[in-house]
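Student: Using the sequences and the hints, build the whole thing.
Each chain, written out:
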Amino acid sequence: MRVMAQLAMVMNLDKCIGCHTCSVTCKQTWTNRSGVEYVWFNNVETRPGQGYPRRWEDQDHWRGGWQLNKRGQLTPRSGGRLKRLATLFANPVQPTVKDYYEPWTYEYRNLTNAPLGDDYPVARPRSLLSDKPMKIEWSANWDDNLGGLPEKAELDPMVAATRQRASEKVRFAFEDSFMFYLPRICEHCLNPSCVAVCPSGALYKRSEDGIVLVDQDRCRGWRQCVTGCPYKKIYFNHRTGKAEKCTFCYPRTEVGLPTVCSETCVGRLRYLGVLLYDADKVAAAAATRNEQDLYEAQLGLFLDPEDPQVRAAAARDGVAHDWIEAARRSPVHALISKYRVALPLHPEYRTMPMVWYVPPLSPVVEALTETGFDGEDADNLFGAIDTLRIPLEYLAELFTAGDVQPVRSALEKLAAMRAHMRQTTFGQTPDARTAGSVGLSATELEDMYRLLALAKYDERYVIPTAAVGDAERLEESAVPEHCRLDEQGGPGMGGSGPFGDRSGRKALPLVSVEAFHGLRARHRTEQEEPE
Amino acid sequence: MQILLWGALPYAAFALLVSGLWWRYRYDRFGWTTRSSEVYETRLLNLASPVFHYGILFVLAGHLIGLFVPASWTSAVGVAERPYHLFSLVGGTLAGVLTVAGLAVLVYRRRTNRPVFRATTRNDKAMYLLLGGALCCGMYAKLAHSTPAHGYDYRATLAVWARSLFTLRPDLAAMAEVPVAYQVHAVVGMVLIAAVPFTRLVHMFSAPWWYLMRPYIVYRSRPAGQPAERPPRRGWESIDV
Numbered sequence: 001m002r003v004m005a006q007l008a009m010v011m012n013l014d015k016c017i018g019c020h021t022c023s024v025t026c027k028q029t030w031t032n033r034s035g036v037e038y039v040w041f042n043n044v045e046t047r048p049g050q051g052y053p054r055r056w057e058d059q060d061h062w063r064g065g066w067q068l069n070k071r072g073q074l075t076p077r078s079g080g081r082l083k084r085l086a087t088l089f090a091n092p093v094q095p096t097v098k099d100y101y102e103p104w105t106y107e108y109r110n111l112t113n114a115p116l117g118d119d120y121p122v123a124r125p126r127s128l129l130s131d132k133p134m135k136i137e138w139s140a141n142w143d144d145n146l147g148g149l150p151e152k153a154e155l156d157p158m159v160a161a162t163r164q165r166a167s168e169k170v171r172f173a174f175e176d177s178f179m180f181y182l183p184r185i186c187e188h189c190l191n192p193s194c195v196a197v198c199p200s201g202a203l204y205k206r207s208e209d210g211i212v213l214v215d216q217d218r219c220r221g222w223r224q225c226v227t228g229c230p231y232k233k234i235y236f237n238h239r240t241g242k243a244e245k246c247t248f249c250y251p252r253t254e255v256g257l258p259t260v261c262s263e264t265c266v267g268r269l270r271y272l273g274v275l276l277y278d279a280d281k282v283a284a285a286a287a288t289r290n291e292q293d294l295y296e297a298q299l300g301l302f303l304d305p306e307d308p309q310v311r312a313a314a315a316r317d318g319v320a321h322d323w324i325e326a327a328r329r330s331p332v333h334a335l336i337s338k339y340r341v342a343l344p345l346h347p348e349y350r351t352m353p354m355v356w357y358v359p360p361l362s363p364v365v366e367a368l369t370e371t372g373f374d375g376e377d378a379d380n381l382f383g384a385i386d387t388l389r390i391p392l393e394y395l396a397e398l399f400t401a402g403d404v405q406p407v408r409s410a411l412e413k414l415a416a417m418r419a420h421m422r423q424t425t426f427g428q429t430p431d432a433r434t435a436g437s438v439g440l441s442a443t444e445l446e447d448m449y450r451l452l453a454l455a456k457y458d459e460r461y462v463i464p465t466a467a468v469g470d471a472e473r474l475e476e477s478a479v480p481e482h483c484r485l486d487e488q489g490g491p492g493m494g495g496s497g498p499f500g501d502r503s504g505r506k507a508l509p510l511v512s513v514e515a516f517h518g519l520r521a522r523h524r525t526e527q528e529e530p531e
Numbered sequence: 001m002q003i004l005l006w007g008a009l010p011y012a013a014f015a016l017l018v019s020g021l022w023w024r025y026r027y028d029r030f031g032w033t034t035r036s037s038e039v040y041e042t043r044l045l046n047l048a049s050p051v052f053h054y055g056i057l058f059v060l061a062g063h064l065i066g067l068f069v070p071a072s073w074t075s076a077v078g079v080a081e082r083p084y085h086l087f088s089l090v091g092g093t094l095a096g097v098l099t100v101a102g103l104a105v106l107v108y109r110r111r112t113n114r115p116v117f118r119a120t121t122r123n124d125k126a127m128y129l130l131l132g133g134a135l136c137c138g139m140y141a142k143l144a145h146s147t148p149a150h151g152y153d154y155r156a157t158l159a160v161w162a163r164s165l166f167t168l169r170p171d172l173a174a175m176a177e178v179p180v181a182y183q184v185h186a187v188v189g190m191v192l193i194a195a196v197p198f199t200r201l202v203h204m205f206s207a208p209w210w211y212l213m214r215p216y217i218v219y220r221s222r223p224a225g226q227p228a229e230r231p232p233r234r235g236w237e238s239i240d241v
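Chains A and B supply the protein sequences, listed in that same order. Using UniProt numbering, the letters of the first sequence map in sequence onto residues 1 to 531. Using UniProt numbering, the letters of the second sequence map in sequence onto residues 1 to 241.
Any given hint could be a false lead.
Residues from chain B that keep clear of chain A, each with C-beta distances beyond 12 Å, as calculated [what the hints assert, rightly or not]:
#, residue
1, L9
2, A13
3, Y152
Straight-line alpha carbon distances no greater than 25 Å define the calculated DMTMM-like cross-link-like pairs of lysine to aspartate or glutamate that follow [claimed, not checked]:
#, chain 1, residue 1, chain 2, residue 2
4, A, K98, A, E137
5, A, K83, B, E41
6, A, K98, B, E41
7, B, K125, A, D131
8, A, K135, B, E41
Since the hints were made in silico from the structure, they are not lab data. A quick note: this is a predicted structure, and the numbers were derived from the prediction, not measured. Idealized CB from N, CA, C, for every residue including glycine.
Tutor: Next up, the structure:
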């Protein structure tokens, strides 16, 4: 057993109102630069819908994630090592910017500079790629709120999968039955296929917190990761020629702050916490033969921080003490392993994703209320969850590779919680059978309710800082690891290198040293170059 | 002039290549990339880019064999002059045609697709000129001096000079009688070699061979020191807030 710690996220989809605040604040923080205009590290999709980039879930086309080869071994779906190097000169299945959307701006200057006249001045859209006027035909959330349904419903790969699995008779009941929002960030997988396909070794998983990052100095722009990631959450900066991705806001989490998307979430639906897992078993779990067993296999990787043996093993393997303690209070651990109401997104990609989702019960409640029944009565709800097969089966395509049972179980727990809490709130005696029927006690239901409905900032975000982990080491040695005299501006900086004291990287002024001004101008300015 | 071209230029080019690579690695690792434009346009690129790259790899291999494997070695393993010449002519021409065709499509794509063209720097344009020039000179030199029956025996002159470079006593006399077309090709080629570190061609030196050897998943530790704090570095442009 090799214990590693991972910062993970759970999103409660019942609470997402699709306001895109997370996307906007994330964009303002990370991708408001030229070259990544089309990039949303965080985006919110309406499901059913095509998503962003369009139809990203269609892995027969995009070839993301892993698959088992004939011998049952795990290989990237886009090809093994040799094939990758042989096809390095042009990535065969890379989405183009049109698959995301062509970024544009408006000719705002027209509004102020137009001469006096009878016509209102207009700000026409202008492409940021070709600099020509363009027609806006798609964007990151073009099919928001089911825009384009039902004509476009067929284009959602998960709708197609659901229809394939479910029988013919449910074909037309689908469109008016339900809708929900799915906020997506990088999954920071335990078995990241983007890391596996990077020829340069620039992508890596941080061993302290499991965050997957791109080393910008080592990335050589081969773009394999864009294909390798089945969630299409690695983006190509078309100005710098490097891959970029969600960083899990590591500068914030390192000092104990939640990610920007979590911090600004209006519905307070995001939970952050530590999970301990057994790194030795990841590869075997990801190679589980049956796709529908992958959810259980991944659950099997997570270790119970209440187990003293696990804690001892974690300490032995170098997990900092406050990380182990944080794992015990982790809301993410509670939702995933204890209550089992959170589910992974597309476990069938075999990447072992680490951003999990509490499936939405609200569409079911709403459908029930519309038919005139009491939408929060336990018996009604249980019946409805089963009868509303399409939401269930659609959700199963998203979260459990089509296995309805775990989704039903999670929804039933949520339903039981609603019924139980209503009875409690109205001063009735809660029916003990409600809790018992989903395998939880009344106290557990109430704890779950607290976590899902009331939890305050400190309960939703339990983030140990990187500094405390370091501090322990510092305490042990009483002096810093290195002699700090050698740092820039330190007292030991009297001498100079073989080429004078301005030589070497550290002393260089922060200007581009690219030999050719064109490249520099391109990296740094918005303006078009003279042609 | 002879000394300058055949005695000094090769060493200058090689020195620029090595020092340029060292400099670029040291100061501009962030700019060291393929600067791919596939995100703008993928159809033509998917066709032309592999053709060009495989072509130029064969061309490179051909040059290495032609220049640095002495005729005595090939005849020692039983390859006579005529089969060698035919292989060199047919194989070389084939590789050259592939490369030139690939490059032509790529340049056409670069010129006609507006986002791709906007992403083309002056540096790139100069590089394309140099690369295209070297390719065309080479093809011309080869084809203008060859018939199926008999070709110009560069292994008796050019290759002798090329190998003499390693001894640090370049054999200038060997170059004197070389046809002008070959001489021009050699000079353009040397300039191209010198320019590699300063253009996007530098990506040829990041061919990821060791990807074949490494485990799939890479773990790295957070660098020691203050979390999330380090001096600003070259890279993403800063925003003045």
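Student: Decide, hint by hint, whether the structure agrees.
Tutor: Cross-check of the supplied hints:
1. L9: holds, 20 Å
2. A13: Correct as stated: the minimum Cβ-Cβ distance to chain A is 16 Å, above 12 Å.
3. Y152: holds, 32 Å
4. K98(A) <-> E137(A): holds, 10 Å
5. K83(A) <-> E41(B): Within the cut-off at roughly 22 Å; holds.
6. K98(A) <-> E41(B): Between K98(A) and E41(B) the Cα gap is close to 9 Å, so the pair holds against 25 Å.
7. K125(B) <-> D131(A): holds, 20 Å
8. K135(A) <-> E41(B): holds, 18 Å
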